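S.K.: The chain contents come next:
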Amino acid sequence: MQIFHRSTNTISRATLFGAVFLISFVLWACIEIQRSPYVTYAKVVRPQPVPFSHQHHVAGLGIDCRYCHTSVEASSFAGIPPTKTCMNCHSQIWTGAWLLEPVRESFRSGKSLVWTRVNDLPDFVYFDHSIHINKGVGCNTCHGPVDRMPLMYNYASLQMEWCLDCHRDPAKNLRPRDQVFNMRYEPPSTLKPLTLDGKQYTDQLSLGVDLVKKYNLRTVADITSCSTCHR
Amino acid sequence: MKENGKSSSQGACSGKKNKLMFETARQRLAETTGPEYWRSLEELAGSAQFREMIRGEFPQGASEWLDSVSRRGFLRLMGASLAMAGMTACTKQPLEPIVPYVRQPEDVVPGRPLFYATAFSLGGYASPVLVESHLYRPTKIEGNDKHPASLGGTDVFAQASILGLYDPDRSQTHLYLNQVRTWGNFVEAIRGPLHSQKAVEGSGIRILTRTVSSPSLADQLARMLELYPQAKWHVYEPINRDNVYAGAQLAFGQPVDTQYRLENADVIVSLDADFLYGGFPGITRYARDFAKRRDPDGGEMSRLYALESTPSSTGAKADHRVPMRASEIEGFARALAAALGFNPGAGTLPHEPEVRLVGAIARDLEAHRSRTVVIPGDHQSPVVHALAHAINQALGNVGNTVIYTDPVNARPVNQTASLRELVADMRAGKVDMLLILGGNPAYDAPADLGFADALKNTSVPFRLHLGLYQDETAELCQWHVSETHFLEAWGDARAYDGTVTIQQPLIAPLYDSKSAYELMALLAGQSEASGYEIVRGYWQKQHSGADFDQFWAKALHDGWVEGTTFPARQVAARPAGLPAPEDSGQGIEINFRRDPSVYDGCFANNGWLQELPRPLTKMTWDNPVLIAPKMAERLGLASEDMIALELNGNTRVAPVWIQAGHPDNAVTVFLGYGRRRAGRVGTASGFDFYPLRASGSPWFSTGLKIQKTGERYLLATTQGYQTMETPNGDTRPLVRSRSLEEYHKEPDFAQEGKPPASLTLYPGYQAQYEKEPYEWGMAIDLNACVGCNNCILACQSENNIPVVGKEQCNKGRHMHWLRVDVYYQGDRDHPQAYFQPVPCMQCENAPCELVCPVGATVHSTEGLNDMVYNRCVGTRYCSNNCPYKVRRFNFLLFQDWETPQYKMMRNPDVTVRSRGVMEKCTYCVQRISHHRIDAEREKRRIGDLELQTACQQSCPAGAITFGNINDPNSQVSRLKAKSRNYGLLEDLNTRPRTTYLAEIRNPNSELES
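Protein sequence lines, in the order shown, are assigned to chains Z and P.
Its first residue numbered 0, the first sequence is counted upward by one per residue in numbering that gives the first Met the number 0.
Its first residue numbered 0, the second sequence is counted upward by one per residue in numbering that gives the first Met the number 0.
Isolated chain Z (complex conformation) (with noise of 0.2 angstroms):
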């Protein structure tokens, strides 16, 4: 006796034949999700109390990143400055600016401006600004074109697979020292060579290589081992 009816049989292949491409497509949709900003917040401005613009004070009045985030080179948290450092300026410029009045306020009544954190790693993450700083890695390098972002937004994922791609391979993203805080910082080209202790590079790689030498880097299983970032 036939149960089934004999399109059954196409549809069953049919099913089998989809459902390698549908479960395919679920799996490739959660990852993309899990990827895309509206997990990772990547290039999405956040909502601040005075909409600070890092390209005004970086490219137009030329402020350098250190002015600021004071203790990037001597601790693992670059720092926010307090109301105080804008007050530095904004007690003499702009001192009727409404847009500011947030910040006057929280330095007459001494209460804290409370910013929403841009670039935010989980918890159970340790990242450490000054040896980064230290071993050539650039701030746009990881926080990109800050001096182009009116309003700022995290750069990049700042997942787990986007910190080793770095750690993976440093040579590609070192620069000089002396070139860490300059945000138009292009890397050696054949048109632009750079040159560094007497030395012509035109391309990046052999300019990263001579580099991981000369600021002493640790290998690359050091500086992946679980225990850099997770404690």
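Hints listed in this document are in silico derivations from the structure and should not be mistaken for laboratory results.
Model, not experiment: these values are computed from the prediction.
A couple of the hints might just be wrong.
Now the in silico label distances, taken between C-beta atoms and shown as ranges [what the hints assert, rightly or not]:
| hint | chain 1 | residue 1 | chain 2 | residue 2 | range |
| --- | --- | --- | --- | --- | --- |
| 1 | Z | P121 | P | N879 | 54 to 62 angstroms |
| 2 | P | T172 | Z | E104 | 26 to 34 angstroms |
| 3 | P | Q750 | Z | I32 | 55 to 63 angstroms |
| 4 | P | L113 | Z | Q91 | 26 to 34 angstroms |
| 5 | Z | S108 | P | L176 | 34 to 42 angstroms |
| 6 | Z | D196 | P | L113 | 37 to 45 angstroms |
| 7 | P | L113 | Z | K213 | 32 to 40 angstroms |
| 8 | Z | P121 | P | Q750 | 41 to 49 angstroms |
| 9 | Z | K191 | P | D548 | 52 to 60 angstroms |
| 10 | P | K753 | Z | L21 | 55 to 63 angstroms |
| 11 | P | P755 | Z | I32 | 49 to 57 angstroms |
| 12 | Z | N118 | P | N879 | 34 to 42 angstroms |
| 13 | Z | P121 | P | D548 | 43 to 51 angstroms |
| 14 | Z | T115 | P | Y531 | 33 to 41 angstroms |
Glycine included, each C-beta is placed from N, C-alpha and C at the ideal position.
With chain Z's structure known, arrange chain P on it following the hints.
M.R.: This is chain P only, laid out in the frame that chain Z set:
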């Protein structure tokens, strides 16, 4: 051999075979040269329960779901959640605020901790400490390494005091008749009564404090008494030094403090003094000096005789430990004095073996004249103290190993008498204002004085309690003023050598609270004086030069005030005779001791201390009655049996714990438990023995009656948990020890069973580490370790380790990354004890790594066995495969993620673990990272001993050494090169990075035979 083979080939004759097996067993025993070690009485008896414990990774029941929801029901409920378990990593991170300063203080660099010197006081004696501060949140206590009273070490109480600061159960408001009041209300309320006292010169004012060593507070009190000449200052603390001062009075006619110079002592005799555990004045320095003289490879090793009425860590370190009833110590001291040639009056005749002991100790003391020391226990009778002074003088020890100074205590009166006088005044209606500054006398005063009753039933019109908690005393006072914690308040205090440390606050008071200094200022009429002004003002008077600011800054920075150390005093012994010995009777003796964890009850609400296994019993959360095995047998008692203790008509019911090495015909009870109003942690935990304690005999008393009630009580002890399996028993003992003599004959005895380097199948295995700049390793010197438990708490504080509670402890789910195992050797009545701190061994060939299905535990290039919490899925395979049983699993959500105070306390450099995650000792990898980054930035290598693990840094004895074993000149490499160095279970070829230096004892050959 031949016969062996023959009999086994015959095989059929079972009787013969049995006999043969018996023979081999006996033969094996005879062949065994090493001593046999055991951890608990169950192990000694070889009980089935113990065998079970050894096999499992956790004790039976720890890994099962035994709560009201059954495992099956749980799985059904959680089915959906389990299916989605993998998705937990996909949560979106919430947006987080980031809050900068308005004006950033100059010296703060966010991300880098600052350290401030201050002092923690207990019993009036200050422990100089350095407190780690992250953005002005104190997070960790370290010893002040520059201060001679600390040398970097701390004790358990100082270590745990940080938890006290953040205790959410602390008093947060001032109270009047249980109604919340402000400080202003109080100021108003006290004005009237104080004013009316002016007229009568303060004759109705009584101030009751704990022991005060603070110069500024003592000065305030003195000036208060000038202002109100008829007022009285009483002092009471349950763990007092009345006998010490009475003994000094007897010997010298004046109270003095005695300091010991253990680094000069060749022979130490402890007359029931537990001078190597927290709470003894000067412990941190004594432990360091003692350990220094216990190195068998450097200089002459000292010898310690300990006579003790209850097993203690000091006794465990002794070369000769003699269990003795507390009341017999006096007779022994008299006999010892007599043997040394002076007549201290007729002694109660010691028993036969003691004569031999007395003779041997006396000869040993004679042979090392001026390089010996006799230390009496604080709770021993004044006569014992006087005898100890006399012996020390007669042997010429004074000036070499014994130094007398002025008492650190600003008012060395007899505290029991002081309290008795106060109660009498209260009952006579002479007291109009009772000001209780700290302490909890309603709970801890001797029962026969009836202090609580007097407080409740006499009509003292104005009763004030200043305290950290709204405790039993606060309940009986109309006014309760919330007291500041020592980390929130200005003050000063003297260390055991008299040196003053300015107690500077690390944080502004968390709640509306006041210090005793500020309260005293109010009473003296300066209501607005802040603690800072008071303390600074006092020192300005002492040092009135123009350079005061510099003097003050230096005192705060260094952690001590220059020139305040007490000079040694010359005191002449009075030849006056001692009172004739009294017959203490032959009844059962009861010893009252401070608890090794909750002290007199003031730390009852401290979860770290509650859960800290006591040094020898490994008891947590309770204070059972300790009893000797022999006595238990006689009375038909087993551990956990409830008994009724009757003394002078008062009865308390408590459980029994059989403790090997306890003297017979005596029991020990620990004070400080059974609190009614301690807080969520301490209330109703354990048993209160203060009602049995009489003011006439506060430390020991005979005539105790014991009756079994027939009930049982569950005690949570960790002894026997995490026992390492040694199938062949003695062939690879975990603790290795020899006498000094044997060690000289056979220096490499500890190397037995060490696998040759060629054993591994992977040649060049070692080479992968050799090119690394750092290769981390640890050496623990068992000879130096005094079992003070400090490392456990230092680790707990540094690594955010949670407290799990009594029920979970009993299931073996406690979370301490570092445990201190106790091994006993010999018979159960006179065992020798050994301490062994066990952190993760960081095996080079780690068995845990092979079995992790998700790679959550892997090796770092520097040889660390990394634990990656965010990868861990909680299979627990790793702990199952760990032969050392050092891995801990978060069976439940043990961390408190909600209480805001605890969030401030945590070390920001260490991940706070959640449920279902395995964790273990990391060698303080956060400290390694910090130092490595600092060193790399400065283009140098990490210096030796610059980087210290938490357990190492505050170890008072300096028993733990951590460092780079790739550097042959590092301290740790030098220790590992010693012949005493051995690894645990080394024959498994795990190649542990943590190794031990075998323990060497220095017994008197005269007593050995």
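S.K.: Take the hints in turn and mark each one as holding or not.
M.R.: Verification of the hints:
Here the CB-CB span from P121(Z) to N879(P) is close to 29 angstroms, at odds with the stated 54 to 62 angstroms. The supplied range of 26 to 34 angstroms is met by T172(P) and E104(Z), whose beta-carbon atoms lie about 31 angstroms from each other. Restraint check, Q750(P) to I32(Z): a C-beta distance of roughly 59 angstroms satisfies the suggested window 55 to 63 angstroms. For the pair L113(P) and Q91(Z), the supplied restraint of 26 to 34 angstroms holds, since their beta-carbon distance comes to about 33 angstroms.
One distance hint, 34 to 42 angstroms for the beta-carbon pair S108(Z) and L176(P), holds here, with the actual separation near 37 angstroms. Against the hinted window of 37 to 45 angstroms, the Cβ-Cβ separation of D196(Z) and L113(P) comes to about 39 angstroms, which satisfies the hint. Between L113(P) and K213(Z) the Cβ separation comes to about 34 angstroms, which falls inside the hinted range of 32 to 40 angstroms. The hinted window of 41 to 49 angstroms between P121(Z) and Q750(P) holds, with their beta carbons roughly 46 angstroms apart.
For K191(Z) and D548(P), the hinted distance range of 52 to 60 angstroms is satisfied, since their beta carbons lie about 57 angstroms from each other. The hint said 55 to 63 angstroms for the Cβ distance between K753(P) and L21(Z), and at roughly 60 angstroms that hint holds. Separated by about 55 angstroms at the C-beta atoms, P755(P) and I32(Z) satisfy the suggested range of 49 to 57 angstroms. Evaluation of the 34 to 42 angstroms hint for N118(Z) and N879(P) yields a pass: the beta carbon distance comes to about 40 angstroms.
Judged by the Cβ atoms, the range 43 to 51 angstroms given for P121(Z) and D548(P) holds: they are separated by roughly 47 angstroms. As the Cβ distance of T115(Z) to Y531(P) is approximately 37 angstroms, the hint placing it in 33 to 41 angstroms holds.
In the structure shown, a violation is registered for the earlier hint numbered 1 alone.
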